[in-house]
Amino acid sequence: MHLWLISVAIAVAGLMLAGAIYEQCSRRLNAKRFPAPGLIFDVNGHKLHLLAKGTGMPAVIIEQGAGGPALAWSSIQDKLAAFTCVCLYDRAGYGWSEHIPGPRSLEDRVCDWHALLTAAKIPAPYVLVGHSYGGFLVRLFARNYPDEVAGLVLVDSPHEGTYFQPEVLSFYSKMTWMMGAMKILALVGLPRLLTRLLNKPDPAVSLQLSEQINAAMVRNEYFSAAGDDIASLRRATQWLTKAEAFAPLGDLPITVITHGQPFPGPFAVLDKGWREGQDRLAALSTNSVLLVAEKSNHMIHADEPDLVIGAIREVVERARQQALALRQLT
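Here the sequence shown is numbered in our numbering, starting from 33 and rising by one per residue.
I should point out that these hints are in silico values taken from the structure, not numbers from a laboratory.
Check each hint, because a few of them may be wrong.
To be verified - Heads up, simulated SDA-like pairs for lysine to any residue below, C-alpha to C-alpha not over 20 angstroms straight-line:
#1 Lys111 with Lys304
#2 Lys215 with Thr227
#3 Lys215 with Leu230
#4 Lys215 with Ile53
#5 Lys232 with Gln244
#6 Lys79 with Ala248
#7 Lys215 with Leu272
#8 Lys85 with Pro294
#9 Lys215 with Gly99
#10 Lys79 with Ser137
#11 Lys304 with Ala156
#12 Lys79 with Pro69
#13 Lys85 with Asp110
#14 Lys215 with Asn62
#15 Lys85 with Leu241
#16 Lys85 with Glu346
#17 Lys327 with Asp303
#18 Lys274 with Gln197
#19 Lys111 with Glu336
#20 Lys153 with Tyr177
#21 Lys215 with Phe203
#22 Lys274 with Gly292
#23 Lys327 with Lys274
#24 Lys153 with Lys215
#25 Lys304 with Pro198
#26 Lys79 with Pro337
#27 Lys85 with Ser106
#28 Lys85 with His146
#29 Lys215 with Phe278
#30 Lys206 with Gly99
Claimed, not checked - Label-pair ranges, simulated between beta-carbon atoms:
#31 Phe295 with Gly342: 20 to 26 angstroms
#32 Ala147 with Ala300: 35 to 41 angstroms
#33 Leu230 with Leu61: 45 to 51 angstroms
#34 Arg267 with Ala63: 31 to 37 angstroms
Using N, Cα and C, we set each Cβ at its ideal position, and we do this for glycine too.
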């Protein structure tokens, strides 16, 4: 029996070593295959990646959700780039941006974001697009830098009253734990191997882009960053649930897009009070529009990209009209 246990331990250790070697070799290969499509900037002591396309003002800046790769918005960026400047960027730990260990706050993320736009010389004001968790960051940016925001598009972003319910917090606590476990498994290449074996190509995305996204989403830095995204909301509970956390935004052009299909599986816990929360988000401005993506659940930008593109274009136009009216008055 003792000899059997030793044999099993040796076999497990061998598999873990092989997995670690596989992971490191794959990372080095992918670093050569997929160089950063944008530019890398030194921001607050670490490196962040930003990809800008198109010209014109106001620039559109897209903030992805927790665990969401910025490159998943590539086709939307390409179409909007014919209309104005559009930027995708990777938060710390995602894509080509440097990982930052340790817990980070919502404010840390917004501070990085603002500093990145400054370093990249993307002129304000901006139309900010936030999907899901990114909506919290978009609204915090608008609160901290109101003179640099020309409009908001909130794509299926929860209102804090919806998020901070006991059952929702319990669900996301489990999600945080799962991300922690995946972070460890990623060190020995298991998520990478499973993705390679089980992933089905998306016909709406090129094979090159799909491989880039998959390569970025199997690294331990990715799972660490995604887990800390979720945990950052729980850490912000004491101030985020206060009425004054996000003040009204006057007549700032805002479009809120919400899903029309129920959340799938365990995510259905989010549907409780969701629509009421979307109404509250739309009420943040006297110049707001609320749209329902009837064919989509949470991934509206993938299910109904034309709806999202149209909403962003419309907010850009409203922002331009407001800017023109202001110039005429002065």
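Structure-based check of each hint:
Taking the CA atoms of Lys111 and Lys304, the gap is about 34 angstroms. The hint is violated against a cut of 20 angstroms. A C-alpha spacing of about 15 angstroms is found between Lys215 and Thr227, which places the hinted pair at or below 20 angstroms, so the restraint holds. At roughly 19 angstroms between alpha-carbon atoms, Lys215 and Leu230 fall within 20 angstroms of each other, so this suggested pair holds. Simply put, Lys215 and Ile53 have alpha-carbon atoms about 16 angstroms apart, close enough for the 20 angstroms limit, and the pair holds.
A hinted pair counts as satisfied when its Cα atoms are at most 20 angstroms apart, and Lys232 with Gln244 qualifies at roughly 14 angstroms. Our distance criterion of 20 angstroms between C-alpha atoms is met by Lys79 and Ala248, whose separation comes to about 16 angstroms. The suggested pairing of Lys215 with Leu272 is violated, with an alpha-carbon distance near 28 angstroms, which exceeds 20 angstroms. Using a Cα cut-off of 20 angstroms, the hinted pair Lys85 and Pro294 is violated, with the two alpha carbons roughly 34 angstroms apart.
Between the alpha carbons of Lys215 and Gly99 the distance comes to roughly 13 angstroms, so the proposed pair stays at or under 20 angstroms and holds. Of the pairs offered as hints, the one joining Lys79 and Ser137 holds, with about 18 angstroms between alpha carbons and a cut-off of 20 angstroms not exceeded. Among the hinted pairs, Lys304 with Ala156 is inconsistent with the structure: their alpha-carbon atoms are about 37 angstroms apart, more than 20 angstroms. Under the criterion of a C-alpha separation no larger than 20 angstroms, the hint pairing Lys79 with Pro69 is consistent with the structure, at around 15 angstroms.
Taking the CA atoms of Lys85 and Asp110, the gap is about 7 angstroms. The hint holds against a cut of 20 angstroms. Taken as a hint, the Lys215 and Asn62 pair is honoured in the structure, with Cα atoms around 19 angstroms apart against an allowance of 20 angstroms. Under the criterion of a C-alpha separation no larger than 20 angstroms, the hint pairing Lys85 with Leu241 is consistent with the structure, at around 17 angstroms. Straight-line distance between C-alpha atoms of Lys85 and Glu346 comes to about 19 angstroms, which keeps the hinted pair within the 20 angstroms bound.
Between the alpha carbons of Lys327 and Asp303 the distance comes to roughly 16 angstroms, so the proposed pair stays at or under 20 angstroms and holds. Straight-line distance between C-alpha atoms of Lys274 and Gln197 comes to about 14 angstroms, which keeps the hinted pair within the 20 angstroms bound. With a C-alpha separation of about 14 angstroms, the suggested pairing of Lys111 with Glu336 holds against the 20 angstroms cut-off. Proximity of Lys153 to Tyr177 is assessed by CA-CA distance (about 16 angstroms); at most 20 angstroms being required, the pair is judged to hold.
Of the pairs offered as hints, the one joining Lys215 and Phe203 holds, with about 19 angstroms between alpha carbons and a cut-off of 20 angstroms not exceeded. Only pairs whose Cα atoms come within 20 angstroms are accepted, and Lys274 paired with Gly292 is rejected, the gap being roughly 28 angstroms. At roughly 34 angstroms between alpha-carbon atoms, Lys327 and Lys274 are farther apart than 20 angstroms, so this suggested pair is violated. Among the hinted pairs, Lys153 with Lys215 is inconsistent with the structure: their alpha-carbon atoms are about 34 angstroms apart, more than 20 angstroms.
Restraint check: the Cα-Cα separation between Lys304 and Pro198 comes to about 11 angstroms, which is no more than 20 angstroms; the hinted pair holds. Distance restraint check for Lys79 and Pro337: the Cα-Cα separation of roughly 30 angstroms exceeds the 20 angstroms cut-off, and the hinted pair is therefore not satisfied. About 10 angstroms separates the Cα atoms of Lys85 and Ser106, which keeps this hinted pair within 20 angstroms; it holds. Between Lys85 and His146, the direct Cα distance comes to roughly 18 angstroms. Compliance with the 20 angstroms bound is thereby established for this hinted pair.
Using a Cα cut-off of 20 angstroms, the hinted pair Lys215 and Phe278 is violated, with the two alpha carbons roughly 33 angstroms apart. With a C-alpha separation of about 15 angstroms, the suggested pair Lys206 and Gly99 falls inside the 20 angstroms cut-off, and the hint holds. About 24 angstroms separates the C-beta atoms of Phe295 and Gly342, a value consistent with the hinted range of 20 to 26 angstroms. Checking the proposed 35 to 41 angstroms range against Ala147 and Ala300 shows it holds: the Cβ atoms sit about 38 angstroms from each other.
Taking 45 to 51 angstroms as the suggested C-beta distance range, the pair Leu230 and Leu61 does not conform, at roughly 20 angstroms. Checking the proposed 31 to 37 angstroms range against Arg267 and Ala63 shows it holds: the Cβ atoms sit about 32 angstroms from each other.
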